[in-house]
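Q: Residue strings, one per chain:
4 protein chains.
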Amino acid sequence: MTREIADRVEIIFRDEILPRRADYDRAVDVDGDLEPGFLKALKRRAFAEGLWNMALPRLADDEPGTRLTNLQFAPIAEILGRVGWASEVFNCHAPDVPNMEILQMFATPEQKARYLAPLLLGETRSSFAMTEPDVASSDANNIATRIERRGDRYVVNGRKWFATGAANPKCSLLIVVGVTDPGAPRGRTHSMVLVPKDAPGVTVVRKIPVMNHVEHVAPHTELLLEDVEVPVENRLGEEGAGFLIGQARLGPARVHHCMRAIGRCEVLIRLMVERAASRRTFGTDLRDYSSVQDAIADSRLALEQARLLVQRTAWRLDREGNKLARKDISLIKIAVARAYHDICQRGIQIFGAMGLTDETPFAESLSQARAFRIYDGPDEVHLRTVFRLEEKEGDGLNCSKDYLGRA
Amino acid sequence: MTREIADRVEIIFRDEILPRRADYDRAVDVDGDLEPGFLKALKRRAFAEGLWNMALPRLADDEPGTRLTNLQFAPIAEILGRVGWASEVFNCHAPDVPNMEILQMFATPEQKARYLAPLLLGETRSSFAMTEPDVASSDANNIATRIERRGDRYVVNGRKWFATGAANPKCSLLIVVGVTDPGAPRGRTHSMVLVPKDAPGVTVVRKIPVMNHVEHVAPHTELLLEDVEVPVENRLGEEGAGFLIGQARLGPARVHHCMRAIGRCEVLIRLMVERAASRRTFGTDLRDYSSVQDAIADSRLALEQARLLVQRTAWRLDREGNKLARKDISLIKIAVARAYHDICQRGIQIFGAMGLTDETPFAESLSQARAFRIYDGPDEVHLRTVFRLEEKEGDGLNCSKDYLGRA
Amino acid sequence: MTREIADRVEIIFRDEILPRRADYDRAVDVDGDLEPGFLKALKRRAFAEGLWNMALPRLADDEPGTRLTNLQFAPIAEILGRVGWASEVFNCHAPDVPNMEILQMFATPEQKARYLAPLLLGETRSSFAMTEPDVASSDANNIATRIERRGDRYVVNGRKWFATGAANPKCSLLIVVGVTDPGAPRGRTHSMVLVPKDAPGVTVVRKIPVMNHVEHVAPHTELLLEDVEVPVENRLGEEGAGFLIGQARLGPARVHHCMRAIGRCEVLIRLMVERAASRRTFGTDLRDYSSVQDAIADSRLALEQARLLVQRTAWRLDREGNKLARKDISLIKIAVARAYHDICQRGIQIFGAMGLTDETPFAESLSQARAFRIYDGPDEVHLRTVFRLEEKEGDGLNCSKDYLGRA
Amino acid sequence: MTREIADRVEIIFRDEILPRRADYDRAVDVDGDLEPGFLKALKRRAFAEGLWNMALPRLADDEPGTRLTNLQFAPIAEILGRVGWASEVFNCHAPDVPNMEILQMFATPEQKARYLAPLLLGETRSSFAMTEPDVASSDANNIATRIERRGDRYVVNGRKWFATGAANPKCSLLIVVGVTDPGAPRGRTHSMVLVPKDAPGVTVVRKIPVMNHVEHVAPHTELLLEDVEVPVENRLGEEGAGFLIGQARLGPARVHHCMRAIGRCEVLIRLMVERAASRRTFGTDLRDYSSVQDAIADSRLALEQARLLVQRTAWRLDREGNKLARKDISLIKIAVARAYHDICQRGIQIFGAMGLTDETPFAESLSQARAFRIYDGPDEVHLRTVFRLEEKEGDGLNCSKDYLGRA
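Sequences listed follow chains A, B, C and D, in order. Using numbering that gives the first Met the number 0, read the first sequence as starting at 0 and increasing by one per residue. Using numbering that gives the first Met the number 0, read the second sequence as starting at 0 and increasing by one per residue. Using numbering that gives the first Met the number 0, read the third sequence as starting at 0 and increasing by one per residue. Using numbering that gives the first Met the number 0, read the fourth sequence as starting at 0 and increasing by one per residue.
No wet-lab data here; the hints were simulated from the structure. No experiment lies behind these values; they were computed from the predicted model shown. Misleading hints may appear alongside valid ones.
[Stated by the list, open to error] Far from chain C, by Cβ distances over 10 Å, these chain B residues were calculated:
1. Thr1
2. Arg7
3. Pro18
4. Arg269
5. Asp293
6. Gly393
[Unchecked claim] Each computed DSS-like pair below joins lysine-lysine, with the alpha-carbon atoms no more than 27 Å apart:
7. Lys400(D) / Lys42(B)
8. Lys400(C) / Lys42(A)
9. Lys206(B) / Lys206(A)
10. Lys400(A) / Lys206(D)
11. Lys42(C) / Lys400(A)
12. Lys206(C) / Lys400(B)
13. Lys391(B) / Lys322(B)
Heads up, the beta-carbon is just placed ideally off N, CA and C, and yes, glycines get one too.
One chain only, chain A, in its complex shape (with noise of 0.2 Å):
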């Protein structure tokens, strides 16, 4: 069944996404519409065939589209992940399924009703607000946004930048991580308020350019929150459960994440295949050079490793859930901003000044991966992570005992 529906999603790409990329571009860049009339149409589509919410593996029987594990929307995502706003028209995209997942997670009935439904039909749009630009925020215990409980509703005060997506106009839900008690437990100390964007105190700052770039559909946001006062009711989960829910979060938008790049990445190693078998200097084709050949073969090296390797987090995470998955949900972080990365700066250089430009996509894949790097955590947060892991389960081994010392 997967692979027919990701043969359909294939020809909606091919037939109706890929031949309008210049189209929508024009749309976004330079009539500032957001969603064009064809995104829409083909939002409806996609909705009415149930090519939709594929990538949540919790939605409900009452929600709407089509439920698949993380594993099995792996080839869909790679399909995905070509065209920047493709996950858009199947309403797959980030950082709404993320934030739907936990909504379907911890999200009492009637906040269900009231932030979840709008985002399951594409509706509307939502923004996760936790990076800060005052503190190393790499350090989540270092968030220092206040949500201050007073009565039967809390005061939320900070200031918030990389929250994805809060300056498009369509979005209306911000879900703000803060400082709920600061003598709690460490690891009790926040939580998460859902925070209509239209509250007072809210004010969009600005979208801030990343890597020289303004995004405009999903914009890396500067928000400053000031007194924005929210009921009791819109406290997400249990007070203190605010780094639980954001682990939940981060495991499969990671793996999304990661697939949706791997997609992109085929795209970029046949656009330098192609590339080195047209071009020709210095009386020999590009593709008889031999650093050529291994700039490509490299690629497709760090690409299969790292698919793999995402593949098996899908399965565990399907299997075992995120905190069995956690130490793999790191590892792919680290190898597929790397590879997407290394690919991308290969792709230049085959390229020449070409590739510098708009018109190939490595500059703008470059840049995504180059805050690939650090978004969800820098590779060195990972890297911790994952040393830290490995210490753990060796515990109790001694192999010094037999492999050291002369033999």
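Dock chains B, C and D against the given chain A, drawing on the hints supplied.
A: Okay, now just chains B, C and D, sitting in the frame of chain A:
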């Protein structure tokens, strides 16, 4: 004397340029004023004080400014490299410096009076139009633009891009490389002509975004040349001398570019050190993470080595000329682009998300550094040059005889 | 069942092999006893228990041992890889396994009876003589040894090296590659012949030190073949089938080699973790240096990815055969050699001076890993193969049309 | 003058040393003659011609040989580095040079007469015993050997390894580092004593194989010191001055080591060029593979930069002394070890299997280069030092104020 000049440049930089970084960016990016009033005033001051045209070792006695050797210019270039527009204050900016240089070397007295003089005064700007979108331009033999002689005129037809600065309204001169005699022996097929930008048939197609970023003052420009006519007197140097002049142009241009990048890197390293001292994650100051220490120390190592090589190259260029310094010129191109690139990468990891934004110089610098690996020939071309020279220098030796075989 | 077999191998490894590391090294290096008594006893036990010839997926029903697929053998190979001589206990050691494999595939019944049978019983050893000192053997077409037909005999003349194991006195069989018909079409010029090591004209020149180390059990051997005569019945496969057989030999040989290396790497990572926990410099435990954590996490990342790729390759080899798994076989060669090499390098930095000595397995492993990048074709050859296949697979596609050009 | 000296050394090298490579190796490795007759003769000639002790910038007027600065010694050291034993011909070999240097600086007249004089004449050898197997010696504070004062004697107890040269029968002097006062302030806990190798209680445990290789002339030696007694007059320098002297020793030792490695690398690059010109695979000369060209050009790039940095370091050492050159000394340690290591790696890939054997200098050089990354402190320690100095030098600056924040 050089030290004293550098000190004076440093003071102007510190007191007049650095404090106006924000003013400048606002003028250029928001107001579209590419030469704001304070810049004009600073140029007048620099001119009056003789801190002018210091990047032109061939500056004639009757030309304005102070003649310095390439080596003497090194510490000054490092100061200027810290902020993008600082070079312009002292009329030491690319691409006008290398363009002036080839005019000094190859222009007739009439050409000098008309085209060089206003550049030396900083009254106009120029652009060098070599690279073409339709061919692999890293091999200059591929350059396809035709410069056909018809009677006492040349007719130019072709498409160029990466003609730096051409789209700046102040630019009045294009130095165009093209084929004058496709049947000439290799190396003698191309010539250069001086084309007034307002000549009929010249179309500025667009400013090309490079790494997602559109430059305005020295934009990478795409040009269409359709039946552009210039008198034969506008040929620069002899017919067939296109590559010769191109080679002459590249040496000093690269050296200066490298020096500026090194100056920028000094700032970047310093920012990394300060950041490391001021942030804390997981209970540890960034400065106590050994990987952060390594990142900074490795940056110092790369920079120090690159600087020494650049200085030696400048010294050789001054003493032995372009041709004998050829290997060094290729080496610094590779070394500095890499060092600059790696330093930016490390800086972004240390700054985290902020490093991706416009609140630090890292993202912009990374884009520059990335492009630097392509401009003036991708690394690959220079590695090839180095190899060929390495082969040549060892000609006749036979180390294998002495060092191979079981001892 | 495979799990149960692996468990039994694990027990023998843990109880009988690991404790005898020192005994074995002493026997071989000090006493010159290449098959000490306890090894013989262990072999008998393994044979008796059917833990024998597990690396031969083509094991016939009437051949001794247990037939496993390549994929089933993977976890067992990982156990055996931890200690160099463990494979021999179970008759799963190189180069006899790949040699037996081509005999299984290409030998006549008579050849099998004479040459394969004793190998299957572990009673003798064999060597594969392809690489030559006088030509760049990574391109097998360069192999220059002549195998000339004279009546009903072949006369072999040439110089070989890296004929693994040939100098071991127990080795009785050389499988020699050479030119039978220099005028044949490319790919049909070479054949293989079975040469008894005691044939007149065979000279064992020396054991070649590799990375300063002379192996004794499976020494890299230099051979001189002077007018060595064998009956035509000693040709393996058809005349001109040399490369075909060579290719058939390489697939599984590489996969097994990779699996063993992965098992070794598991030990090395574990040793690094334990060392990091037990040493302290400059007031900090090694395990708290982020660069040490990174080294270990990066090792895990590389190993995990390499393992998945190796397992997929084994699976493909089992299902699709050598030819269709060709790209994967080249990919794992590169990936595992790199991972192994890098892990050794990192381990040495963590162990410091001790890592260079014989008190840890790192130095020996690094030498192996270094050589691994050359054996079976240097990385460069495999990158080239991957590139060619990449080109082929994309044949007819035209991504450039869809993804290039300003969107 | 230096040029003239270098020329004379070059002639001896070319005419007398290089042709005897095989003789020397045979004498040492096969015959066990660590100072063959022709070496003795060459030493006499070098001594007679004053080409002696050129690596000792503090050479007193009444000491034999020619005093050169570190910078003057550079070109000579590069010649000597090409062949391992060439330095010994001119009494410029490690570890005797740095040992002589600290004797020159810190020894009493009596100590000089007894221990330094015969070293200056090349009549004996010495060893420096600092590193210990039982502690992480990269942090010298960990050194645990006890040097206890008992009356007018010191009693030394401890285990040392990597005491270079100690196991050479000609070695008569051990310079031992150990704790004299564990309660002293940090940096004053350790002292050095001069221990005659034949003192009771000194046991030469073994020559330690490094990267699988046992050196005989300057073997990495493990020593056991059990109740070894020396008179207090044998203390070198003041009590507590152990680290001070150790620091003084390291500067020039590292610089010379780096210079020699650079000379070796010149040979290796040359061999790579020649090999590339002489081999052919897959229908293409190696020299036409761009990846081979890159490998050689990258080697040149690394070497040229390393050399410049080493020369500047020598110049600083000569002018400013050990302490002010500290950052440079750490930088060259890292840079040269890396360049040397990478050049060996690339050479092996170009030479293929032959590069792994004893028929080229690559395998031996790689082992040396690998160890070089550990000796005198692993790279990690030097990166840390560089970082600390980088922090210190920027003290008080505040670039962040000027360069951060949206411009």
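Q: Indicate, hint by hint, whether the structure satisfies it.
A: Taking the hints in turn, this is what the structure says about them:
1. Thr1: Per Cβ check, Thr1(B) is outside 10 Å of chain C; nearest 41 Å; holds.
2. Arg7: Holds: least Cβ distance 43 Å, greater than 10 Å.
3. Pro18: Holds: least Cβ distance 37 Å, greater than 10 Å.
4. Arg269: holds (22 Å)
5. Asp293: violated (6 Å)
6. Gly393: holds (21 Å)
7. Lys400(D) / Lys42(B): holds (25 Å)
8. Lys400(C) / Lys42(A): holds (25 Å)
9. Lys206(B) / Lys206(A): Distance ~23 Å between Lys206(B) and Lys206(A) Cα, so the pair holds.
10. Lys400(A) / Lys206(D): holds (23 Å)
11. Lys42(C) / Lys400(A): holds (25 Å)
12. Lys206(C) / Lys400(B): With Cα atoms ~23 Å apart, Lys206(C) and Lys400(B) stay inside 27 Å; holds.
13. Lys391(B) / Lys322(B): holds (14 Å)
Comparing the model with each earlier hint shows a violation of hint 5 alone; every other hint is respected.
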